[in-house]
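The chain contents come next:
Protein chains: 2
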Amino acid sequence: MNGAESLVRTMVDGGVDVCFTNPGTSEMHFVAALDKVEGMRCVLCLFEGVATGAADGYARMADRPGSTLLHLGPGLANGLANLHNARRAMSPVVNIVGEHATYHRKHDAPLTSDIEALARPMSHWVRTATEAGSVGQDGADAIAAASRAPGQIATLILPADTAWNEGGSRGRIAAIEPRPPVSRAAIDASLRALRSGEPTLLLLTGVALRAHGLSLAARIAEKTGARIMAQYSNGRIERGAGRVSVERVPYPVDQAVKVLQDFRRMILVGAKAPVAFFAYPGKPSLLAHPDCRIETLATADEDIIGALEWLADEVGAPKSLAAPQAKRPDLPADGPIVAEAIAATLGALMPEDAIICDESVTTGRGFFPLTRGAAPHDWLQLTGGSIGLGMPLATGAAVACPERKVINLEGDGSGMYTLQALWTQAREQLDVLTIVWSNRSYAILKGELMNVGAENPGRKALDMLSLGNPDLDWVSMARGMGVPGQRVDSMAGFIKAFRAGLAAHGPYLIEAVL
Amino acid sequence: MNGAESLVRTMVDGGVDVCFTNPGTSEMHFVAALDKVEGMRCVLCLFEGVATGAADGYARMADRPGSTLLHLGPGLANGLANLHNARRAMSPVVNIVGEHATYHRKHDAPLTSDIEALARPMSHWVRTATEAGSVGQDGADAIAAASRAPGQIATLILPADTAWNEGGSRGRIAAIEPRPPVSRAAIDASLRALRSGEPTLLLLTGVALRAHGLSLAARIAEKTGARIMAQYSNGRIERGAGRVSVERVPYPVDQAVKVLQDFRRMILVGAKAPVAFFAYPGKPSLLAHPDCRIETLATADEDIIGALEWLADEVGAPKSLAAPQAKRPDLPADGPIVAEAIAATLGALMPEDAIICDESVTTGRGFFPLTRGAAPHDWLQLTGGSIGLGMPLATGAAVACPERKVINLEGDGSGMYTLQALWTQAREQLDVLTIVWSNRSYAILKGELMNVGAENPGRKALDMLSLGNPDLDWVSMARGMGVPGQRVDSMAGFIKAFRAGLAAHGPYLIEAVL
Chain A
177 MNGAESLVRT MVDGGVDVCF TNPGTSEMHF VAALDKVEGM RCVLCLFEGV ATGAADGYAR
237 MADRPGSTLL HLGPGLANGL ANLHNARRAM SPVVNIVGEH ATYHRKHDAP LTSDIEALAR
297 PMSHWVRTAT EAGSVGQDGA DAIAAASRAP GQIATLILPA DTAWNEGGSR GRIAAIEPRP
357 PVSRAAIDAS LRALRSGEPT LLLLTGVALR AHGLSLAARI AEKTGARIMA QYSNGRIERG
417 AGRVSVERVP YPVDQAVKVL QDFRRMILVG AKAPVAFFAY PGKPSLLAHP DCRIETLATA
477 DEDIIGALEW LADEVGAPKS LAAPQAKRPD LPADGPIVAE AIAATLGALM PEDAIICDES
537 VTTGRGFFPL TRGAAPHDWL QLTGGSIGLG MPLATGAAVA CPERKVINLE GDGSGMYTLQ
597 ALWTQAREQL DVLTIVWSNR SYAILKGELM NVGAENPGRK ALDMLSLGNP DLDWVSMARG
657 MGVPGQRVDS MAGFIKAFRA GLAAHGPYLI EAVL
Chain B
177 MNGAESLVRT MVDGGVDVCF TNPGTSEMHF VAALDKVEGM RCVLCLFEGV ATGAADGYAR
237 MADRPGSTLL HLGPGLANGL ANLHNARRAM SPVVNIVGEH ATYHRKHDAP LTSDIEALAR
297 PMSHWVRTAT EAGSVGQDGA DAIAAASRAP GQIATLILPA DTAWNEGGSR GRIAAIEPRP
357 PVSRAAIDAS LRALRSGEPT LLLLTGVALR AHGLSLAARI AEKTGARIMA QYSNGRIERG
417 AGRVSVERVP YPVDQAVKVL QDFRRMILVG AKAPVAFFAY PGKPSLLAHP DCRIETLATA
477 DEDIIGALEW LADEVGAPKS LAAPQAKRPD LPADGPIVAE AIAATLGALM PEDAIICDES
537 VTTGRGFFPL TRGAAPHDWL QLTGGSIGLG MPLATGAAVA CPERKVINLE GDGSGMYTLQ
597 ALWTQAREQL DVLTIVWSNR SYAILKGELM NVGAENPGRK ALDMLSLGNP DLDWVSMARG
657 MGVPGQRVDS MAGFIKAFRA GLAAHGPYLI EAVL
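Chains A and B, in that order, are what the protein sequence lines are. Using my numbering, the first residue of the first sequence is number 177, and each one after it goes up by one. Using my numbering, the first residue of the second sequence is number 177, and each one after it goes up by one.
Source of the hints: derived by calculation from the structure; they are not laboratory data. A quick note: this is a predicted structure, and the numbers were derived from the prediction, not measured. Don't take each hint at face value.
Treat identical chains as interchangeable: a pair holds within one or across any two.
As the list claims (entries may be wrong) - Distance condition first, Cα-Cα at most 25 Å in a straight line; then the derived DSS-like pairs of lysine-lysine: (1) 636 to 622; (2) 282 to 448; (3) 636 to 448; (4) 636 to 672; (5) 212 to 672; (6) 459 to 434; (7) 434 to 282; (8) 622 to 434; (9) 622 to 212; (10) 434 to 636; (11) 459 to 282; (12) 503 to 672; (13) 212 to 636; (14) 399 to 495.
Isolated chain A, as found in the complex (with noise of 0.2 Å):
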């Protein structure tokens, strides 16, 4: 078998099945070896950063490394935005780029560049193939490089040659290795942390923030008196009725020190100590307390459940917690559309099991408490700050879990970077309901221009931040790509239209105008 055929069936063999792909002439192999291949099923992006959005989200989901076929330098630079999300959501991603034959890369013909160099500040595992033989080996090495704990971009560049020359041979794959177990020394500064008696914060993230892990945090904050919190962006929370409910470290600076002022101790359980999303001029870019002492149970890479079982046995937790059950909120009344009743609507209308991928951007910030008694479900963040991420996540999340309704919240600004992914949606009729907050502005950075104390803005300043003139109709767009959907302007017409998308088994988008 030539070289594309090994990989396939390497990763087929290592349980990365589902590629999402943009291929070009240098990946026509990998294409045709789909057809020898069983068992890997590629799902067609029309723009790379929908490749790799939905890897992640795919990712996420699964619990497995999501894949991306990449044609070229520009290929994968297509993709970085969504792969530095990716990163930051700690996923297991896969990507394959396709490169020129090892021969011809030295003529610099128009589409060569330096393929390595534009992978590596968005990857953990960097390498090009170099001979057919090699290259089933060279996937089974990306695939545990992915698979290391938390979850890691691993990035396999393909030349031509190497994929079509004959003599390739399935890789063998390293066996998982297991979180490392965090060290006595982790669970003692903790402990005396918990019982100094000073107001103490558990930040969570990663698998801390399953419900597992949550009820293990919850558990120790019962006996020891001190909070949790998640922080601001996680790749995946497990939350709703049944589920210990947890707020986030806010994103506004001055919110974000307020919430955190009271603290002395903090226990990072996954989490690094939480900083401002930006600099601000006179703002501090660390958010706890300058006399808070911060101690780490579990860095992102070892046993976080590990380490939340042993402290919770440490401190005598009790065994079973009876989580105050959030109740589910009741319909808003009908009226303009407000977060508020927008968030309401979501707790008492989302179906059990429903996977939320959140790009609300500004709308969104106040969903989570409404949401906190809704049916049980997944809610999946931007993790990293780049938009442009919901549509694809969504996507990549419907394919993981066909069985699951996925509610992509997503502001107007950031869907229209990759409004290329509701082609995707439809044409593999993925259960997505789509939920686009028009406000016709980059909303969020009208408030950053004021933070950053750009006071009194002109005209000129304030057009680069507004989407009106003319008005995107969402609903054209998304017709235009096979999506069916609706505006709505009022929150009569707002819970009638998610009410028929939850109820459409296939993609279906709601313009809200707000």
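Based on these hints, arrange chain B on the given structure of chain A.
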């Protein structure tokens, strides 16, 4: 004044007074400075690949640097593919990339990445500003670097505090260095080739493809019996009635080898020795005959026009040329929409001084012969092979030349990459007529799948090359971004729609179903 204002003032001083932007928080001071400084026109783009491609189109038509304002590493990453194309077009571009404040970087906030590493593969010049006092000079140095012949990509990274701190001052912009003259030895080598009696080709690109350069090359050819040809992809060709017509080296390797097989001498005029776009099993990378001796008259950065003038003198070329005038083609009869009939329509109806932005990919390969006799126009190509340039390129060209009609010939696959450009065309009311060749596939790849030897492709492979299921509705997508248009599926319909698009003042889109 603060650093941001000093930078904007320096850019305006340096003639870099159009900026294609997609700003974020870290760029808010640059945005705020826009209202303090007269003379800077900012054009908002809803995706960074639109901004960089528009800067390229602007630069190609304005003959001075286009500029962009981008948001940190991921914003730059989204623009890299079209910077790759700009680099291959030898277009001068200045990128301003916002970055976290200098003191904030070490905290590794979510949007942090290695911006310099991302910039380098697609930039000739990269610098990170260090303080407000020198940002003006950094900007001046960026403009000088971009302006260096034949045109370079200069990327200035702007930490937020270097923008918001006071103490900025305008930079001093170095005079643009003239292109160095070619050597006597280069002239002599070219003369020996021309006098060898062997079949000789002058291979042109860059400024050699403007009207004056082409005329010089044609006069040399007329005197010496040499032939002239352009490389396959070129930033800009001046052509049409009254100008010298030049064919290009074909894209398919077999055709290119055939066209070049009889030449035993080749003189490079700004061009490089012709190379296959991709490698294919059993086909050559180098397209010239193995016995062809290749000489360089002028490299891309040398004084190409001066070299042609010198060579014309040396051979005693005629002072003027009775260029054989191709006639304007007749309009085709009705029938299905096919490439030859499209080309005839373009040739017959294209208005004087039109700017053609050609990303037709497969459909447009045969457009050149029938448009030779059209009214004088410029033809801009996809130079780096990274699809998704056409709509942004047309946007930038229209900003540079508001009095001229821009016609964007676009593939459906390539158009989907950066369709957000249509919104900018609507907002700025740019006079762009977009024609999408809707063949519902990555048609080029169907051929390439065969070319690389992957025969009898199966359903899964073909699915990766098809844009059907569902069909894209371009008219609906364009309407969603404020651009009117219509779909046509016959030549009579196309001709009528083309006339309507030409008559429109502002953007218009035709979806031509093939």
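Against the structure, the hints:
Taking the closest pair of Cα atoms, residue 636 and residue 622 come within 25 Å of each other only inside a single copy of the chain (13 Å); across copies the shortest separation is 47 Å, beyond that limit. For the homomeric pair residue 282 and residue 448, the shortest alpha-carbon distance between copies (13 Å) is at most 25 Å, but the shortest distance inside one copy (44 Å) is not. In the homo-oligomer, the alpha carbons of residue 636 and residue 448 never lie at most 25 Å apart, since the shortest distance is 39 Å inside one protomer and 43 Å across protomers. Taking the closest pair of Cα atoms, residue 636 and residue 672 never come within 25 Å of each other, the shortest separation being 39 Å inside a single copy and 39 Å across copies.
Within a single copy, residue 212 and residue 672 get their C-alpha atoms no closer than 47 Å, and across copies no closer than 47 Å, so neither meets the 25 Å cut-off. Only within a single protomer do residue 459 and residue 434 lie at most 25 Å apart by alpha-carbon distance; the minimum there is 13 Å, versus 67 Å between protomers. When the C-alpha separation of residue 434 and residue 282 is checked against a cutoff of 25 Å, the pair qualifies only between copies, where the shortest distance is 23 Å, while the shortest distance within a copy is 57 Å. Taking CA atoms no more than 25 Å apart as the test, residue 622 paired with residue 434 passes inside one copy only; the shortest distance there is 22 Å, against 59 Å between copies.
Taking the closest pair of Cα atoms, residue 622 and residue 212 come within 25 Å of each other only across two copies (18 Å); inside a single copy the shortest separation is 53 Å, beyond that limit. With identical chains, the CA atoms of residue 434 and residue 636 are never at most 25 Å apart, being 34 Å at best within one copy and 55 Å at best between copies. Taking identical chains as interchangeable, the C-alpha atoms of residue 459 and residue 282 lie at most 25 Å apart only when they sit on different chains, with a minimum of 16 Å there against 50 Å within one chain. Proximity of residue 503 to residue 672 under the C-alpha cut-off of 25 Å is restricted to the intra-copy arrangement: shortest distance 22 Å within a copy versus 62 Å between copies.
Proximity of residue 212 to residue 636 under the C-alpha cut-off of 25 Å is restricted to the inter-copy arrangement: shortest distance 10 Å between copies versus 57 Å within a copy. For a Cα distance limit of 25 Å, the shortest separation of residue 399 from residue 495 inside one copy, 11 Å, qualifies, whereas the shortest one across copies, 96 Å, does not.
The structure is inconsistent with the numbered hints 3, 4, 5 and 10, although it conforms to all the rest.
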